[in-house]
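Undergrad: Same order as they appear, the protein sequences are chains A and B.
1 is the number of the first residue of the first sequence in this note's numbering; add one for each residue after it.
1 is the number of the first residue of the second sequence in this note's numbering; add one for each residue after it.
Don't take every hint at face value.
[What the hints assert, rightly or not] DSS-like mimics (lysine-lysine), calculated; alpha carbons at most 27 Å apart, straight line:
| hint | chain 1 | residue 1 | chain 2 | residue 2 |
| --- | --- | --- | --- | --- |
| 1 | A | Lys48 | B | Lys87 |
| 2 | A | Lys29 | A | Lys48 |
| 3 | A | Lys29 | B | Lys120 |
| 4 | B | Lys87 | B | Lys120 |
| 5 | A | Lys48 | B | Lys120 |
| 6 | B | Lys111 | A | Lys48 |
Hints were generated in silico from the structure; no laboratory data involved.
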Amino acid sequence: MLMTNLESVPGRRIVRHMGLVQGSTVRAKNVGRDIMAGLKNLVGGELKGYTELLQEARQEAMDRLAQQAEAIGANAVLNVRFTTSSVAQGAAELLAYGTAVELD
Amino acid sequence: MYGLGTLLILLTMGYVFGRIAERRHYRSIIRREAAFQRIPVFATRHLPVDLEPDVRTTLVIGSTVISVDYFKRFMAALRMLVGGRMKSYESLIDRARREAVLRVQDQARRKGAKSVFNIKFETASISKGAKNTVGSVEVLAYGTAVIPQHCTTE
Chain A
1 MLMTNLESVP
11 GRRIVRHMGL
21 VQGSTVRAKN
31 VGRDIMAGLK
41 NLVGGELKGY
51 TELLQEARQE
61 AMDRLAQQAE
71 AIGANAVLNV
81 RFTTSSVAQG
91 AAELLAYGTA
101 VELD
Chain B
1 MYGLGTLLIL
11 LTMGYVFGRI
21 AERRHYRSII
31 RREAAFQRIP
41 VFATRHLPVD
51 LEPDVRTTLV
61 IGSTVISVDY
71 FKRFMAALRM
81 LVGGRMKSYE
91 SLIDRARREA
101 VLRVQDQARR
111 KGAKSVFNIK
121 FETASISKGA
131 KNTVGSVEVL
141 AYGTAVIPQH
151 CTTE
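The whole structure should be built from the sequences, with the hints applied where relevant.
TA: Listed below in structure tokens is the structure:
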């Protein structure tokens with residue numbers, strides 16, 4: 001599955017537009033990471049545990065996006081966007097969305 | 001009295017360690033930014049026409065979660081009372097954003113790309129501290145890496 005946040009793919013022609021596809025996941029942080037983060041909150045700096053957590057979650061959102069696109073027969077997703085919103089204390093939703101297309 | 005002592009210790013620790021960490025991070029950012037100058041990042045949505053048919057494109061993502069130290073959070077809480085520019089958060093988000101771009105460039109380099117187009121940023125506050133102050137922010141940067149087709153992945 002080809003993913004890009006441009007509106008076209010160089011050298012390829014868009015044969016068919018197949019509409020919006022999206023993938024999302026809601027993740028909560030875990031206690032172990034939270035304790036480390038609590039310490040880091042005192043001295044500042046990067047919270048590596050959270051960075052990894054969100055990267056994993058975002059990868060999952062992208063996997064779901066790809067799955068959905070594949071299910072409707074697309075071979076590329078253009079104009080991919082990400083958004084993050086915190087739905088509750090300590091939980092975040094990660095959404096990836098884009099336009100599924102068929103390239104020649 | 002006891003509480004005040006604890007507060008002072010926390011503030012001093014936050015100030016000293018936070019300052020050291022920030023300085024070290026800025027030094028590292030500046031050094032890596034210089035090293036990554038050969039992979040320029042553009043905010044334009046379209047590829048230049050002359051470079052088009054011979055390339056492959058792929059999505060690259062970089063993100064970081066960064067937290068503000070105790071001292072800065074305390075100063076920011078005071079600043080909330082009077083309003084105005086919050087320098088402590090400015091540097092926090094500036095560091096996070098530059099770090100995210102560096103990670104985009106690093107990923108692009110590992111995929112053998114020569115440039116990154118259509119870079120987008122997104123900032124989300126991950127955990128809210130007491131009284132709705134910002135605890136930590138995530139900055140995400142993503143874009144499309146352009147890889148010359150004759151070039152193989154490093």
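Undergrad: None of the hints should be skipped; say for each whether it holds.
TA: Status of each hint after checking the structure:
Note on Lys48 (chain A) and Lys87 (chain B): the hinted pairing holds, with a Cα-Cα distance of about 24 Å set against a maximum of 27 Å. Our distance criterion of 27 Å between C-alpha atoms is met by Lys29 (chain A) and Lys48 (chain A), whose separation comes to about 12 Å. Simply put, Lys29 (chain A) and Lys120 (chain B) have alpha-carbon atoms about 25 Å apart, close enough for the 27 Å limit, and the pair holds. As the CA atoms of Lys87 (chain B) and Lys120 (chain B) are separated by approximately 24 Å, the hinted pair is consistent with the 27 Å bound.
In summary, the hint linking Lys48 (chain A) to Lys120 (chain B) is supported, as the alpha carbons are separated by about 22 Å, within the 27 Å threshold. Taken as a hint, the Lys111 (chain B) and Lys48 (chain A) pair is honoured in the structure, with Cα atoms around 23 Å apart against an allowance of 27 Å.
Of the numbered hints listed earlier, not one is contradicted by the structure.
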